[in-house]
Amino acid sequence: MTQTQAAVTPSVPFDTIGSWEADNVTAAQVERALSELRRHEERAALRTSVLTLVIVVGSADEASEHLDVVRHLGARHPSRTLVLVLNDEEETESRLDAAVSVCVVERGGRQIAVEEMVIGCHGPARYHLDSLVLPFTLPNLPVAVWLPSSIPSKGDPLLETADRVVVDTRVVGWQADALSRLHSLIHRVAITDLSWWRLKPWRNLFAGLFEGHMYRPFLRDVHNLEVTGHPGPRHLLAGWVMSRLDLPRSVVHLGDAEHLSIKLVASHEGRRGRFEVVRKGEERVIDASVEIDDGPSFQQKVQIGEEWQSRSLADALGHMGHNETYEAALAAAMGLLG
Amino acid sequence: MSSNPTAAADDVNPLADPEDRPAPPAVFVIFGASGDLTSRKLMPAIERLAVRRLLPPGFAVVGVARTEMTDDDFRERMRELVEKGGGGGPEARHVWDSFVGAFRYVAGDYDDAATFDRLKEVLDELDRERGTAENRLFYLATPPSTFPTVINGLKDRGLSRSSSENAFSRIVIEKPYGHDLQSALELDRVVHEAFDENQVYRIDHYLGKETVQNVLALRFANATYEPIWNRRYVDHIQVTVAESLGVEHRGSFYEQAGALRDIVQNHVMQVLAMTLMEPPVTFDADGIRDEKVKALKAVEILDAEKVKTQVVRAQYTRGWVGGEEVAGYRDEEGVDPHSTTETYVAMKLKVDNWRWAGVPVYVRTGKRLPKRVTEVALQFHKVPHLPFHLKQVEDLEADSLVLRIQPDEGISFRFGAKIPGQAFRIRSVSMDFFYGAAFLEETPDAYERLLLDALSGDATLFIRSDEVQRAWRIVDPLLQAWENDDVPVAKYEAGTWGPREADELLEADGRRWRRP
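Protein sequence lines correspond, in order, to chains A and B.
Position 28 of the first sequence, counted from 1, bears residue number 49 in my numbering, the numbering being contiguous throughout.
Position 365 of the second sequence, counted from 1, bears residue number 370 in my numbering, the numbering being contiguous throughout.
Keep in mind the hints are simulated off the structure, nothing from the lab.
Derived DSS-like pairs (lysine-lysine); straight-line CA-CA distance at most 30 Å:
id : chain 1 : residue 1 : chain 2 : residue 2
1  : B       : Lys89     : A       : Lys322
2  : B       : Lys496    : B       : Lys313
3  : B       : Lys396    : B       : Lys423
4  : B       : Lys46     : A       : Lys221
5  : A       : Lys284    : A       : Lys322
6  : A       : Lys322    : B       : Lys125
7  : B       : Lys302    : B       : Lys180
8  : B       : Lys180    : B       : Lys376
9  : A       : Lys322    : A       : Lys301
10 : A       : Lys322    : B       : Lys46
11 : B       : Lys46     : B       : Lys376
12 : B       : Lys160    : B       : Lys180
Only part of the chain B face toward chain A is listed, based on derived beta-carbon distances under 7 Å:
id : residue
13 : Asn18
14 : Pro19
15 : Leu20
16 : Ala21
17 : Pro29
18 : Pro30
19 : Arg58
20 : Pro62
21 : Val100
22 : Ser103
23 : Arg135
24 : Gly136
25 : Ala138
26 : Asn171
No experiment lies behind these values; they were computed from the predicted model shown.
Beta carbons: idealized from backbone N, C-alpha and C, even for Gly.
Model the full assembly from the supplied sequences, consistent with the hints where possible.
Structure, rendered in structure tokens:
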């Protein structure tokens, strides 16, 4: 995620009601500090958390940027957030620096208490993040691990602690092996891809074009599917249609573009139909259209919301299991690489 | 070229996400398009569905009403309504502009065949131009007296039957569905001459509320509640549907309705059925509705004698609600000064089945009560033996589980806990769960949810013919008895929890009303 995107997130009333900070501490000290903060603050006593969210970042700046995203999320998924800041300096001794705060997010006149912990990890501790996550997970609630700009390797011990790994193929999609590394993880852990959630308006609109008996039969005879956009998202979108319709690679064409579009040409009973979902310019409007030879032609404009990172994250975290449609799309996208 | 027949079987859209429940292309035909329900509920719901991308590209709206208007007048009027209601912001403008082009208007009387001829022409035109695929959803937002006329008009023009196997024709009918059992049966006869039952969607917006549906989630998705949801653990049930408002400007309407018809026959019976029903085999329209009907069939039908002893009807008198002095019912605009119309009903019902035998259900509903609240409370039995000294437990009451439906939707569980200190004393404490604190998702409006259900052909949250009839069977003896003036109309001061007679109804059983 870039700084500009973070800047457009909406503000939520957010109040830090207690905090604690210390360098060179143990996990046990951090835990004690957190319980103390909760004990002394009445507003923090009632907690209706639904998950523990772990974010792994490379710098303090990134930590505050992502915490900001999570604060907006707090209003939808009250959670305990643990930010692990990995320090790249080669140090021989492990050391933890911690900052803990209990905050209140206000929404609809109701105050929701959320907990934030930022732990700077130095030295070899960086390679044992699982040992830092486990002491802080909320009892019996799911753990989501968010890696904003990387894809974990298959052997990463952090995966052991996660019920769900959150990644973003739009951020990492330019890396040649990003999709294949992601694909190798799907049997290991449930994956939430923020890019997949941002594609939802496109997926919904495109699927909507084939509702009803007049249009659905066209899906049986597809001649051409063209998807343009950034690497990563365009692969997923094309992979989704391929996997749902069982399309061969030969009818699918990908192209590079600033904005996404998806166009399908198909036939039914000798008539040709063109089905398109296209975003033309900077305006956040998508055009969905259908044009059937000697038949109905119509167009619908649809507004897409601002791409608030917190909103995609909130939507994504609302679904905790394996997403088979996504996994099939990712598998099909593998065939489009190269 | 791809030609895989299984990938695109025509009955399922392989691209649709089952969770999103996409609606098929259709024309939404509103009878009563210039009326109050259209402006307050239907249009805002349609606009929000469009903005949320939940309507298909092939979607059109046809307004039908007596008022003379052109298509453009209708579009402009709908736009004003939506903007007045807080919708149609700048970001929604593009959506609305592309959407409103598919709005048409048909002016005419409902008893004039020409109105339906014109409607048919417009529908055919939309099918050709907008790809609405011969699917129609008719919505009766007209006064109930016109229902038969409109239904017959649709039937005579051949619009009540689907034009092909793949297309649908459905009708949504607003409450009140009849004003007693006889008139409901008569309306059903008219409806069924034109439509099959599976084309009919009787709407009670209460069922579209998230929290009413949550009663089903709580009961049937959890292993902890169902084992205690029966006569062995539950002493009695209290259902409260309280409003703090009076009859406002609807005095003359309310004179004809009263609390029994306005609230008990529909909202209360629906909430009651969901509370009492057995676990359904499947979570679909017939699975749920079969069980609801079974539950309502177990509710005792009161005879005239029991109506006198188990039902209290009352009217509010002048009083204070929320720091404001308010008029008594008989002084309200449009109300007969000698009116006997009830603004409050309390009743005790027996449920004769294996699960609930011996567990009385106390129901109360009224206007001008201290606050607006809808809840179902299960009051559990006391423990069989308390191993404490009486002094230690004097503040302890029996446990209860309360499903709060509105406002502050959630669940409260009341149980006994030790008061900290040297002494061993126990008192009741309440553990509250607020849905709003765990899920801060935006809750769709009841009409949005129900319109989308009707478009997608999901009748689970609509009321089936036998349910309506059963609910009328339960309230009909009360109407009869009151018509014969067998039961006096009690009085309660506005801003109180009801008349003394309602308290006595429970006191006679050694119980009392909860204070919600």
